[in-house]
Amino acid sequence: MKINRKTAIRSPLLSHSLVFFQFGLAALLMLLMDWQRLTLTTLFFMVAAIGLGLWAVWTMRTVGFNVIPDPHEACQLVDHGPYRWIRHPMYTSILLFFWPMVYTQPLTSIVWLLMLLLTVNMLIKLHYEERLLVDKIPCYRDYQQRTAKIVPFIF
Numbered sequence: 017m018k019i020n021r022k023t024a025i026r027s028p029l030l031s032h033s034l035v036f037f038q039f040g041l042a043a044l045l046m047l048l049m050d051w052q053r054l055t056l057t058t059l060f061f062m063v064a065a066i067g068l069g070l071w072a073v074w075t076m077r078t079v080g081f082n083v084i085p086d087p088h089e090a091c092q093l094v095d096h097g098p099y100r101w102i103r104h105p106m107y108t109s110i111l112l113f114f115w116p117m118v119y120t121q122p123l124t125s126i127v128w129l130l131m132l133l134l135t136v137n138m139l140i141k142l143h144y145e146e147r148l149l150v151d152k153i154p155c156y157r158d159y160q161q162r163t164a165k166i167v168p169f170i171f
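Heads up, the sequence shown is in this note's numbering, so the first residue is 17 and it goes up one at a time.
Source of the hints: derived by calculation from the structure; they are not laboratory data.
Keep in mind that a hint or two might mislead.
[Claimed, not checked] Have a look at the derived ranges for each label pair, beta carbon to beta carbon:
id, residue 1, residue 2, range
1, Trp51, Val73, 21 to 31 Å
2, Leu47, Ala90, 37 to 47 Å
3, Leu48, Arg100, 32 to 42 Å
All C-beta atoms, glycine included, are put in the ideal place defined by N, C-alpha and C.
The whole structure should be built from the sequences, with the hints applied where relevant.
Given below as structure tokens:
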């Protein structure tokens, strides 16, 4: 196991690949999006997503957060702020930002495929991270029982 910046990375290739594809797909979506198709409703969701993401980052400020899914050596459970209802509000914010944008695009557009790939990548990253957190934090299973993964009260 390699120690990197106080983070034990169980599978460096997987962890870094998931992050690479997440950022790469998000960048492609931003570049290929037809911005003229966005509506006020879409902009509302985008602003809400940015707000949720900033709230999640602000909540994690005292314990730090990783872009990679592997928890820090001295990680601890954060269950306040948006983490009170959602285990992965940063992932929620990314999906909430992009899905409404993609919805405004023609069904034949490549952005639909990119968004599906981003969603699958995020779900794989989420499940990998959850396995690591269950191993690292003794009370994480209880936390899983009382919170949603991405969408409050649904999933």
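Hint by hint, here is what the structure shows:
The supplied range of 21 to 31 Å is met by Trp51 and Val73, whose beta-carbon atoms lie about 25 Å from each other. For the hinted restraint 37 to 47 Å between Leu47 and Ala90, the CB-CB distance of approximately 38 Å keeps it satisfied. Checked against the hint of 32 to 42 Å, the pair Leu48 and Arg100 passes, with Cβ atoms roughly 36 Å apart.
Hint compliance for this structure: no hint is broken.
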